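Residue numbers (the working numbering), protein chains in the order written: chain P, 1 to 192; chain F, 1 to 510; chain V, 1 to 252.
Derived by calculation from the structure, the hints in this document are not laboratory data.
Just so we're clear, the structure is a prediction, and the values are computed from it rather than from any experiment.
Hints may contain errors.
[Claimed, not checked] Derived DEER-like restraints, expressed as beta-carbon distance ranges:
no., chain 1, residue 1, chain 2, residue 2, range
1, P, Ala-14, F, Asp-249, 54 to 60 Å
2, P, Ala-156, F, Glu-139, 50 to 56 Å
3, P, Ala-156, V, Asp-40, 24 to 30 Å
[To be verified] Partial list, derived from the structure: chain V residues whose beta carbon lies under 10 Å from chain F:
no., residue
4, Leu-45
5, Thr-139
6, Gly-158
7, Gln-164
8, Leu-171
9, Thr-175
10, Ser-190
11, Arg-203
12, Arg-207
13, Met-208
14, Ala-209
15, Asp-213
16, Ala-214
17, Gly-221
18, Arg-224
19, Ile-227
Cβ atoms here follow ideal geometry from the backbone N, Cα and C, with glycine treated the same way.
What follows is each chain in one-letter form.
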Amino acid sequence: MSSIAPPVGQGGGAAWRTRDILVTAVIGAAFGVFMAALNAVYAGLGAGAGSPWLLVYLGWLLPAVLAPVIVRKPGAGLFAELVAASVSVLVVSQWGPDALVSGFLQGIGAEAVFAAFRYRRFGLPVVALAGAASAALAFVHDTVLYYQGVAPELLALTFLFMVVSAAVLMPLVAFAIVRGLREAGVLRGFPG
Amino acid sequence: MRGAVVERGAVVEPGAVVARGLGFTHAGSAEAALRDVDLEVAPGECLLVLGPSGSGKSTFVLALAELLGRDVAGRLDGTLEVGGPVGVVFQDSGTQLVMERVEDDVAFGLENRAWTRGEMQARVPQVLAEAGLDGLGRERTATLSGGQQQRLALAGALAPRPRLLVLDEPTANLDVDGARAFVDRLAALHAAGTTIVLIEHRVELAWRLADRVLVLGRDGRPVDLGPPAHVVRRSGRALLDAGVWLPADVDAALGVASRAARPPAVIGEPLAVGHGIGFGYRRRVPVVRDVDVSVAAGDRLTIVGPNGSGKSTLGRLLVGLLRPDAGTVRLMGDAPHRLRSDQLARRAAYLFQDPEQQFLATTVAAEAGLGLRDDELARLPELMDALALPLGRFGARSPYALSGGEQRRLSLAGILARSPRLLVLDEPTFGQDRATYQGLLAILGARLDDGVGLVAITHDERLVADLGGRSAVMSGGRLVGGTMAGAPTTGGTAATGGSATGGSATGGAA
Amino acid sequence: MILLPELDARQLTSPLGRASPLTKLAVGFAWLAALVATTDPRQTLVILGAGIAGAIGLGRVPVRRFLRAWLPFVAAAAGIAAVNTILGAANRDPAARELLGLGPLRITEPALAVGVVLGLRILAIAGIGIAFAQTTEATTLADALVQQARLPDRFAYGALAAYQAVPRLSLDLGTLVQARRVRGMGRGWSPRLLLALLVLALRHADRMALAMDARGFAATGRTRYRIVRWSAVDAAVALGGLLVLAATVALR
Chain P
1 MSSIAPPVGQ GGGAAWRTRD ILVTAVIGAA FGVFMAALNA VYAGLGAGAG
51 SPWLLVYLGW LLPAVLAPVI VRKPGAGLFA ELVAASVSVL VVSQWGPDAL
101 VSGFLQGIGA EAVFAAFRYR RFGLPVVALA GAASAALAFV HDTVLYYQGV
151 APELLALTFL FMVVSAAVLM PLVAFAIVRG LREAGVLRGF PG
Chain F
1 MRGAVVERGA VVEPGAVVAR GLGFTHAGSA EAALRDVDLE VAPGECLLVL
51 GPSGSGKSTF VLALAELLGR DVAGRLDGTL EVGGPVGVVF QDSGTQLVME
101 RVEDDVAFGL ENRAWTRGEM QARVPQVLAE AGLDGLGRER TATLSGGQQQ
151 RLALAGALAP RPRLLVLDEP TANLDVDGAR AFVDRLAALH AAGTTIVLIE
201 HRVELAWRLA DRVLVLGRDG RPVDLGPPAH VVRRSGRALL DAGVWLPADV
251 DAALGVASRA ARPPAVIGEP LAVGHGIGFG YRRRVPVVRD VDVSVAAGDR
301 LTIVGPNGSG KSTLGRLLVG LLRPDAGTVR LMGDAPHRLR SDQLARRAAY
351 LFQDPEQQFL ATTVAAEAGL GLRDDELARL PELMDALALP LGRFGARSPY
401 ALSGGEQRRL SLAGILARSP RLLVLDEPTF GQDRATYQGL LAILGARLDD
451 GVGLVAITHD ERLVADLGGR SAVMSGGRLV GGTMAGAPTT GGTAATGGSA
501 TGGSATGGAA
Chain V
1 MILLPELDAR QLTSPLGRAS PLTKLAVGFA WLAALVATTD PRQTLVILGA
51 GIAGAIGLGR VPVRRFLRAW LPFVAAAAGI AAVNTILGAA NRDPAARELL
101 GLGPLRITEP ALAVGVVLGL RILAIAGIGI AFAQTTEATT LADALVQQAR
151 LPDRFAYGAL AAYQAVPRLS LDLGTLVQAR RVRGMGRGWS PRLLLALLVL
201 ALRHADRMAL AMDARGFAAT GRTRYRIVRW SAVDAAVALG GLLVLAATVA
251 LR
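Work the whole structure out from these sequences, hints included.
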């Protein structure tokens, strides 16, 4: 039994290496930790306290675009979101099965966009679209579950606001993070 | 011919290793980490791999474990043949334990290798017993002590009955007793015929275990290979120049200057004073109990004790990273936890054990210059030169890509740039080769001469002896030996917690 | 500092503890769907009650632990109720009975009714969540996903390994916050913290992947040390779940 060590392990193709799996899962776990800590800090402010609320909202959506941009494998966004949701379910006892539904929808929204581009395009317009799709599904979920009684005009307005913010902010933040990670040298052996 | 072939068992005896011209270059690196390694390891042999930081020792171990090129991006040169399955133990047990419960973690490697359930159920308790973890099968891995976790990592590596065991600094995170117990286990395995390839900085423990020693130089090329006594005879000078740690008797044989006592320090005004300090992370679980401490300018205090004795926590209390539940702490007159961050930074500095855990920027220049005032920034290039990290060469690199020694110096740069009066260092010599260690001593010595007060929290008896000053022993959150508060002494003896592993100089000048 | 939860033997050997996590998830999702489909307080209360009874009765979760986990959701429930009441659709309807009028702001009875139900819904969802989290171990969840739902091993156990890293990541975050403070960067939170944490997290992931592959993880055809089987308890829990659903339907 022999194995040939490939000249360079660049991680192209659709097959997931162990490293791809761990990096994606750990991104999800790290966001789970960071968001839980942020929650604890802003707990006192409650719902609708302005800018922290938007950051928290978008924070939960970041793994869905960040993981695919780094790892570039099908299913990365969904996997990362599900791990983040699982951390919140099991560790912080937040929301239970509903967190998994949220995570699933957030992940699948972004995933659908990356899939539509055959997992070959990971530039700004694709990420903006993926972020918007993720935010849209997240918003629909939250409306159906928590904000069923709110006036439709307000919901529509907020929906528009959230989707546009996500389309603008998500690529900004995601690429800033990727730039920082690349500079720190931790993205060696990943495509792009 | 480019590319390498790693064969298993076909050509080579189980437990043996044959390397010809082995080399590896990491992706994105201009220079090879490892080059021109030619050696044969016989079954049942113990090979100790030595070398300064950055010499490719870890790369060699990863090659033996067949992980290069696949998990680690880069180019492999030459050939390597390894006989039979390999077990690997890394230094950080936290990253090796992947399951919640002890027995599940041991079984993990067996599941991967398609053992039947019956075979696994027989083997797991056996391996746990051999590793001294009898009856702990259902325990959660997170509740084990550091020493137990490393033994669990060893058990996991041994479960599939590998013929070759490779270990990369397995005792780095353990205290003295834990390290000794671990090396004793290795000795037993060696006696039973397992081939062992070991990287270990604690040469006092590993030296007597080694049949042969492989020394790698800074450029990743082998400097020498052979039985320990021969290597010392042939390449003793080269070893010292390379900054490799050697056991004390070898040092003495090579004529290394034994420690000169530090000149008496000039003790100035008190910098940090604490009375009756008590603290617990959770209620009713005190980690520090009723401790008095004082440190003055020019003073040196080393705090020793086993893991979990509360030393690091005390260090954090002194610089206001934690607020005491009981008692008082005063840093130059004020309660440190109440100080504003920028005021705190100019009075005291805290150096974390793992430099990576305190990096906040992605380039060396940004990291060293974080939050500095203009006048401090102006002095930075000079400071960086003094720390052998000239900004011209290192400025744009990533702090995480530096070698261990360079990372340690960078973390020092960040805190020294503000000229704090009190330095609290948590395991400052962790995992360092001799060259880095001596460099660090020189930097600290210079600061002490400038009137800085120093608190070093450490397991390293060598550091305790080299720093001199007062030494205090903590255990269970309390002071159990030495002098923490009261009149600072100059020179003096080091009262250490665990039994010393030897290696302390008998005094006298070189 | 986040630590992984330690479930008592009581909870693990309880009926819910012995049921497959998939059964619990299925019941949880079904009840979630039922909650979403109604704005009737009685139906919501049935599920709310069933969740609490399930956790404390079938799951043997200690009452104090349940309440402590539930408490944060009371605030969230109040917040949601308030938002739905103040911004309620019914407030625009001139025919709705007004309860409070302050200039442009108008709070009507139907809006309040919906707000209250949604608040109760949050509490019910929380109850279900606690019942699940307090009776399910991560390892068992991974095993069930692999053996019963046929998900790929490598993803499930890769996720489990990342989950083990959570306390370590939490500690790293704490150390980064302290490092910022002691280097004069302030006490507060900063986006830089997220980046630094991700760097550490990725380096951690690299080392974990290395360690796992060193133990043969990349190979195919893994065997099983722990077996998860469907049993009578699963049938009982599923049946219980259906009965509760039937009760809510009956209340229509």
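(request) Hint says 50 to 56 Å; check whether the CB-CB distance for Ala-156 of chain P and Glu-139 of chain F agrees. (result) Once the Cβ atoms are compared, 54 Å apart, the range 50 to 56 Å for Glu-139 of chain F and Ala-156 of chain P holds.
(message) Holds or violated: the hint that Ala-214 of chain V contacts chain F, with Cβ atoms closer than 10 Å.
(response) 4 Å, holds
(request) Classify the hint on Thr-139 of chain V as holds or violated, based on whether any CB of chain F lies nearer than 10 Å to its CB. (result) 5 Å, holds
(request) Grab the minimum C-beta distance from Ile-227 of chain V to chain F and call the hint holds if it beats 10 Å, violated otherwise. (result) 8 Å, holds
(message) Interface hint check: Thr-175 of chain V, Cβ to nearest Cβ on chain F, cutoff 10 Å. Holds or violated?
(response) Constraint on Thr-175 of chain V satisfied, holds at 5 Å.
(request) Hint says 24 to 30 Å; check whether the CB-CB distance for Ala-156 of chain P and Asp-40 of chain V agrees. (result) Holds - the Cβ-Cβ distance for Ala-156 of chain P and Asp-40 of chain V, about 26 Å, lies within 24 to 30 Å.
(request) Identify whether the interface hint at Asp-213 of chain V stands, where standing means a beta carbon of chain F within less than 10 Å of its own. (result) Since chain F brings a Cβ to about 5 Å from Asp-213 of chain V, closer than 10 Å, the hint holds.
(message) Hint Arg-203 of chain V vs chain F: min CB-CB distance below 10 Å?
(response) Holds: closest Cβ of chain F sits about 7 Å from Arg-203 of chain V, inside 10 Å.
(message) Quick check: does the Cβ-Cβ distance between Ala-14 of chain P and Asp-249 of chain F fall within 54 to 60 Å?
(response) Holds, at about 58 Å.
(message) Does the closest beta carbon of chain F sit nearer than 10 Å to the beta carbon of Met-208 of chain V?
(response) 5 Å, holds
(request) With chain F as the partner, please determine if Gln-164 of chain V meets the hint condition of a C-beta pair closer than 10 Å. (result) Nearest chain F Cβ about 6 Å off; hint holds.
(request) Return the status of the interface hint for Ser-190 of chain V: holds when the least beta-carbon distance to chain F is below 10 Å, violated otherwise. (result) This hint holds: Ser-190 of chain V lies near chain F, its Cβ roughly 9 Å from the closest one there, short of 10 Å.
Hint 4 from the list above is the single one not met by this structure.
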